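For the record, the sequence lines run as chains A and B.
The opening residue of the first sequence carries number 1 in my numbering; numbering runs sequentially from there.
The opening residue of the second sequence carries number 1 in my numbering; numbering runs sequentially from there.
Take these hints with a grain of salt, some might be off.
[Stated by the list, open to error] Think about it this way: if two alpha-carbon atoms lie no more than 20 angstroms apart in a straight line, the pair counts; the simulated SDA-like pairs of lysine to any residue are: (1) A:K132 with B:K12; (2) A:K526 with A:P551; (3) A:K309 with B:K12; (4) B:K12 with A:L503.
[As the list claims (entries may be wrong)] Rough simulated footprint, nothing fancy, chain A against chain B, three-plus residues with beta-carbon under 8 angstroms: (5) 50–59; (6) 136–148.
[Claimed, not checked] Here are the in silico distance ranges between beta carbons for each label pair: (7) B:Q55 with A:R43: 45 to 55 angstroms; (8) B:S32 with A:R66: 24 to 34 angstroms; (9) A:P174 with B:S24: 54 to 64 angstroms; (10) A:T104 with B:L86: 48 to 58 angstroms; (11) B:T155 with A:L179: 20 to 30 angstroms; (12) A:H44 with B:L86: 29 to 39 angstroms; (13) B:Q55 with A:D248: 52 to 62 angstroms; (14) A:G553 with B:K2: 24 to 34 angstroms; (15) B:S24 with A:L179: 22 to 32 angstroms; (16) A:T104 with B:E123: 38 to 48 angstroms; (17) A:T104 with B:T38: 25 to 35 angstroms; (18) B:S32 with A:T104: 28 to 38 angstroms.
These are computed hints drawn from the structure, not numbers from a lab.
Source: prediction; values computed, not measured.
From the three backbone atoms N, C-alpha and C, an ideal C-beta is built for every residue, glycine too.
What follows is the residue order along each chain.
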Amino acid sequence: MKRKTGAQILFECLKKEGVTDIFGFPGGAVLDIYHQFKNYNIRHILVRHEQAAVHAADGYARATGRVGVCLVTSGPGATNTVTGIATAYMDSIPVVVFSGQVPTMLIGNDAFQEADIVGITRPCTKHNYLVKNVEEMAITIREAFHIASSGRQGPVLIDLPKDVVNEIIQFNYPEHINLQGYNPTYSGHLRQVNRAFSEILEAKKPVIYAGGGVISSNSSKELSDFAHKLQIPVTTTLMGLGCFPGTDKLSLGMLGMHGTYKANMAVTNCDLLIAIGARFDDRVTGDISKFAPHAKIIHIDIDPTSISKNVRVDTPIVGDVRDIFKKFHVLLEDAGKINWKNKRKSWFAQIDKWKSVHSLDYKQKDTIKPQYVVEKLYQLTDGNAIISTEVGQNQMWAAQYYSFDKPRKFLTSGGLGTMGYGFPAAIGAQVAFPKETVIDIAGDGSIQMNIQELATAVQYKLPVNIAILNNGYLGMVRQWQELFYDKNYAATPLNTSPDFVKLAEAYGALGLRATKPSDVVPVIKKALKSPKPVIMDFVVEPEEGVYPMVPAGAAIDEMILL
Amino acid sequence: MKHTISLLVENKPGVLSRVSSLFSGRGFNIESLSVAETVDPKISRMTILTTGNDQILEQITKQLNKLINVIKVIDFKSNEYVGRELALIKVNVTEETRSEIISIIDIFRGKVLDVSSGSYTVEVTGDENKITAVLDLLRPMGIKEVARTGSAALTRGSKTKTSKGKKQ
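With the hints as constraints, model all of the structure from the sequences given.
Listed below in structure tokens is the structure:
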């Protein structure tokens, strides 16, 4: 056993957790930690704003399934992480944030760069810690990684006062942790599983409504097997995109406010809704009293608080989605022999009728349609790229027109709806997968919320692609103003955006512009070949809207179609 | 509907704040809250009096269970627990009211803790209804100040819910 400083203990623990990359930004309170990077084989990615550090760690976590890690200094460094932490919290993403803190004897003194970050982040972390003495350092880090990555995953923050980081002790790695009050339920109750299964067998018009929980539990294959064996159509939430192949015959696409006609109609008319790792968010349900009104509801979720929070549930099963699929699988032995395709003939005939309403059709005319850009991105990457998005119209078009066949390929801020998320998240994913194509589908508004990260992408030679659907508006807000506020475009026109091509060049990235439909394909092809980060500036139809759309507060079958 | 919830929590800094900010952040109501160490100094017990319908109460207990520092949540149904709170009441005293006040305090098995020329400070313990009744009776004499603790509660019978903090 060696004597080590708190900072060295931190690195020893990170090594044990298998951490290879940290996104961060240095400062006075974390100088001693940064001093240790040279002694450990952990890569540090210097972002240009701490919010981006958390988004990058979050994108890294979503793309890999591993815990994303970031390191920031005290005070403003720590407070800048709040939006990133809240984003990860809403979407249940495992992230561990280390923040510096002023020395313990100065805490509470309004010291320089002091902020009560533990107090500030209490409501938006799964748990957080202030390490008051160095003896607690190792056990705290172990607990933090365990909490972040187990149960319903989420962000954990650890606040490290400067003196604690400097203290020297005999270091013993804690092999065991004992969290008396934390024991997430993984195993689904067998009686509930059996009950749900017999309801599934009895149902005539079942629909699976799958969410991000299928991805975080790595159960995509199990879901696919299950749906195919029993011939049940699947709709996914925004967070669930990719958990079931978008090109599969059983796929209904996304449901909810901007969901497909077929998905929303199927949910409204089904007799059994099987919710898997989803939480009945208001953007999914619309008017909750008219959501799946004829259906029994089975709800599978690892978080008991999600159950019966928004919707009354007939058969809840608390547990890990993967475990519950395993239990279903055993029951499938006999049921799998029935010809379900035949049995569900009339249900599929009905669904085919809804499918014939092509709710995502659009017409490409003289100006570039944003939908066309996303479709071309899909075709030219064979649907294999990692796509991140900002928030607003760009996010919805990405969700609607890029068909995801695999999980962990779509990174988007679903719950919090954070503009500025997509680009740093793309950087995080590219750090994890240097050889994959990563594209941030952005708007001209939201890209400017973390545009400074171009410097990061250039510095680390990360060939991230940014596709700006440039319509000169804060488009989603403008769309609401068009529909519900008499076209009063208050504060939504963006007529003084920078020249994004020049901006890219100024940072040392590649800038490309497409102004007419015939430019789109060449621009994308050129971007995909570039070893440098690229901004593609697509000048698109300014007042194009996202459709179908369910007006806020309406039932999801009351869609405005294009 | 009023409801008493008892929590066993780790006796650590910030835990009270986690619990109370959960209530405020999710729009739940706290009528009263009391907290103190249990026989095990590493564990504290919080007793929270809250209001809400069944669905809200279900959410409250589930959300509390989700907090890492919360070891156990006990949701008391009426009749299966004993609950007591304590009130200190400073009441005006005159020649005319002195004997009446003393007899009220006697009936409620209270105690006079402090006597001055114009006032008594009395102690009363009991369930919420009893405390309210005492206050109603003393109010005509002129109550100068009141300090109430909020309820502390335990289950009836010999079963304990303190040991083996395993959550459902």
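Hints versus structure:
1. A:K132 with B:K12: holds, 12 angstroms
2. A:K526 with A:P551: Outside the cut-off at roughly 39 angstroms; violated.
3. A:K309 with B:K12: violated, 29 angstroms
4. B:K12 with A:L503: violated, 51 angstroms
5. 50–59: Coverage by chain A holds here, the residue count being 3 at a Cβ distance below 8 angstroms.
6. 136–148: Per the Cβ count (0), the hint is violated.
7. B:Q55 with A:R43: 45 to 55 angstroms: holds, 48 angstroms
8. B:S32 with A:R66: 24 to 34 angstroms: With Cβ atoms ~45 angstroms apart, the hint is violated.
9. A:P174 with B:S24: 54 to 64 angstroms: Check failed, 34 angstroms falls outside 54 to 64 angstroms.
10. A:T104 with B:L86: 48 to 58 angstroms: For L86 of chain B against T104 of chain A, whose Cβ atoms are near 36 angstroms apart, the range 48 to 58 angstroms is violated.
11. B:T155 with A:L179: 20 to 30 angstroms: Check passed, 25 angstroms falls within 20 to 30 angstroms.
12. A:H44 with B:L86: 29 to 39 angstroms: Violated, at about 56 angstroms.
13. B:Q55 with A:D248: 52 to 62 angstroms: The hinted range 52 to 62 angstroms is violated for Q55 of chain B and D248 of chain A, with Cβ atoms some 36 angstroms apart.
14. A:G553 with B:K2: 24 to 34 angstroms: About 33 angstroms separates the Cβ atoms of G553 of chain A and K2 of chain B, which means 24 to 34 angstroms holds.
15. B:S24 with A:L179: 22 to 32 angstroms: Check passed, 25 angstroms falls within 22 to 32 angstroms.
16. A:T104 with B:E123: 38 to 48 angstroms: Hint holds: Cβ distance 40 angstroms, inside 38 to 48 angstroms.
17. A:T104 with B:T38: 25 to 35 angstroms: Between T104 of chain A and T38 of chain B, where Cβ atoms are some 28 angstroms apart, the hint holds.
18. B:S32 with A:T104: 28 to 38 angstroms: Holds: the Cβ-Cβ distance is about 34 angstroms, inside 28 to 38 angstroms.
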